[in-house]
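Q: Using the sequences and the accompanying hints, generate a full structural model.
So the protein sequences, as listed, match chains V and C. Taking my numbering, the leading residue of the first sequence gets 1, the next gets one more, and so forth. Taking my numbering, the leading residue of the second sequence gets 273, the next gets one more, and so forth.
Calculated from the structure, these hints are not laboratory results. Backbone N, C-alpha and C define an ideal beta-carbon position, used for all residues, glycine too. Treat the hints with care, as some may be off.
[To be verified] Chain C residues, not near chain V, derived (Cβ > 12 Å throughout):
no.	residue
1	276
2	277
3	301
4	302
5	304
6	305
7	449
8	465
9	491
10	511
11	515
12	520
13	522
14	530
15	537
[As the list claims (entries may be wrong)] Simulated pairs of lysine-lysine, PhoX-like, Cα-Cα distance not exceeding 20 Å:
no.	chain 1	residue 1	chain 2	residue 2
16	V	70	C	378
17	V	102	C	299
18	C	342	V	70
19	V	70	C	349
20	C	342	V	106
Number of protein chains: 2
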Amino acid sequence: MNKVQLFQQIQKKHSYLCVGLDTDLSKIPAHLLGLEDPVFEFNRQIIDATKEYAVAYKPNIAFYEALGPKGWESLAKTLEYIPNDIFTIADAKRGDIGNTSKLYAKAFFETMNFDSITVAPYMGEDSVTPFLEFDGKWVILLAHTSNTGSNDFQLLTDRETGQAFYEKVILKSQKWASSDQLMFVVGATRADKIERIRELAPDNFFLVPGVGAQGGSLEDVSKYGLNKECGLLVNSSRGIIYSSNGEDFAEAANREALKIREDMSIYLDKYM
Amino acid sequence: MNKVQLFQQIQKKHSYLCVGLDTDLSKIPAHLLGLEDPVFEFNRQIIDATKEYAVAYKPNIAFYEALGPKGWESLAKTLEYIPNDIFTIADAKRGDIGNTSKLYAKAFFETMNFDSITVAPYMGEDSVTPFLEFDGKWVILLAHTSNTGSNDFQLLTDRETGQAFYEKVILKSQKWASSDQLMFVVGATRADKIERIRELAPDNFFLVPGVGAQGGSLEDVSKYGLNKECGLLVNSSRGIIYSSNGEDFAEAANREALKIREDMSIYLDKYM
Numbered sequence: 001m002n003k004v005q006l007f008q009q010i011q012k013k014h015s016y017l018c019v020g021l022d023t024d025l026s027k028i029p030a031h032l033l034g035l036e037d038p039v040f041e042f043n044r045q046i047i048d049a050t051k052e053y054a055v056a057y058k059p060n061i062a063f064y065e066a067l068g069p070k071g072w073e074s075l076a077k078t079l080e081y082i083p084n085d086i087f088t089i090a091d092a093k094r095g096d097i098g099n100t101s102k103l104y105a106k107a108f109f110e111t112m113n114f115d116s117i118t119v120a121p122y123m124g125e126d127s128v129t130p131f132l133e134f135d136g137k138w139v140i141l142l143a144h145t146s147n148t149g150s151n152d153f154q155l156l157t158d159r160e161t162g163q164a165f166y167e168k169v170i171l172k173s174q175k176w177a178s179s180d181q182l183m184f185v186v187g188a189t190r191a192d193k194i195e196r197i198r199e200l201a202p203d204n205f206f207l208v209p210g211v212g213a214q215g216g217s218l219e220d221v222s223k224y225g226l227n228k229e230c231g232l233l234v235n236s237s238r239g240i241i242y243s244s245n246g247e248d249f250a251e252a253a254n255r256e257a258l259k260i261r262e263d264m265s266i267y268l269d270k271y272m
Numbered sequence: 273m274n275k276v277q278l279f280q281q282i283q284k285k286h287s288y289l290c291v292g293l294d295t296d297l298s299k300i301p302a303h304l305l306g307l308e309d310p311v312f313e314f315n316r317q318i319i320d321a322t323k324e325y326a327v328a329y330k331p332n333i334a335f336y337e338a339l340g341p342k343g344w345e346s347l348a349k350t351l352e353y354i355p356n357d358i359f360t361i362a363d364a365k366r367g368d369i370g371n372t373s374k375l376y377a378k379a380f381f382e383t384m385n386f387d388s389i390t391v392a393p394y395m396g397e398d399s400v401t402p403f404l405e406f407d408g409k410w411v412i413l414l415a416h417t418s419n420t421g422s423n424d425f426q427l428l429t430d431r432e433t434g435q436a437f438y439e440k441v442i443l444k445s446q447k448w449a450s451s452d453q454l455m456f457v458v459g460a461t462r463a464d465k466i467e468r469i470r471e472l473a474p475d476n477f478f479l480v481p482g483v484g485a486q487g488g489s490l491e492d493v494s495k496y497g498l499n500k501e502c503g504l505l506v507n508s509s510r511g512i513i514y515s516s517n518g519e520d521f522a523e524a525a526n527r528e529a530l531k532i533r534e535d536m537s538i539y540l541d542k543y544m
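A: Here's what the structure looks like:
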């Protein structure tokens, strides 16, 4: 999916909601556990319940990998079930030396058919560029994450330029790819930083986790982050998919997604 | 496996060789391709041919992941086949926020039974510590890697302390775990840096890729990197496993592994 198509989706749905499919057997409703593939069944119903309001789905790969080969099958079925006009993100945070990154790219872009993958920048250019060789596929590079440990290294200040490490990542990586193929992960708990990051990357989409359960404010993120093509995908995982763990989990997810979409619709008018 | 047991292995075999199982269907001998599980069959024969000289095996997970669920089955069978007294490394370069890192840890330490996993440090403490909660399991943290892109970010100098980013990683992470659970990835192409890194982390094991195909010198690595408990696992992948792509691939791998072991045996006497 290209940037124009993504923006069309956003305009059509008045939403920049990404639903995180962090599907955990210990958290899904008990009545699903007897089924042959409870993970897929849960995802299927969540997708049906939220696809009207979601412009992206983001399975965090750890949840599937933890289940062994069966988890990968649930993931593949889930990906196939997501409607084609919705953007898909493999939240895998991969990154390795060149020929190995290429294999990860192959795993997520060819063996599976994700639109994008999250990538860790630590190993530098030749760990990132192999993902960019796939037409129409996106890299979503970790920039400033939403966890407390993000302060350990991402905020170090470079002696030469006075830039923070995460700023170096944002600036340098823009030489490797245009905003048609490169997004950044920017935590919503960093609303104070989003204005600055928008200056550094005016045209790139940001994938923003940390709204809701992790405490970030959707209005702040939107106010400082929206650009002329929206430029935001705001993720909610637990707040939507686990808002009920009874038989009504899908209806509850529908209600939560709608609530967020209503706010987003307002912010699109107000701040974009 | 603990540090004492690892050092015993090294002393018994006069070797600190790690064999990288980067098993690629496009590179393994043609006569294996008709078998039901060519990846496992290749690994099985490589393990049989090298286990006398190898103290560790390191499958790079990308190679298995690229094959989908079948790849994970080949990986699981390979791991089971490796003798219990040989150290196993999941070269996965994972790292995510706390509860998600825990799932990755579960995938590699419980669903599978690896001794260790490589982890990327970008997201900081709470992305690394979940891996440390598993008794007898190791984190091998990326510090200074062997690829050209490693210069992009790892060498940035922190304004406050004058330390390079990779040095910060080495220093800070030692507060999270002792050398009984924490190793570092240090590229062999950085022999000039190994002396410095050994000063920063006198007791930790280093996993050293980049000898051979990537051009690093085993003697330099050994001279500057060996400590009183060896402290090195030097990896060779392509140089051993693809030294022949004929029916004699296992014998060829045996010869290459022996050659490296002979050098290592000399360096252990000379530099340890």
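Q: Against the structure, test the hints numbered earlier, and report the numbers of the ones violated in rising order.
A: none
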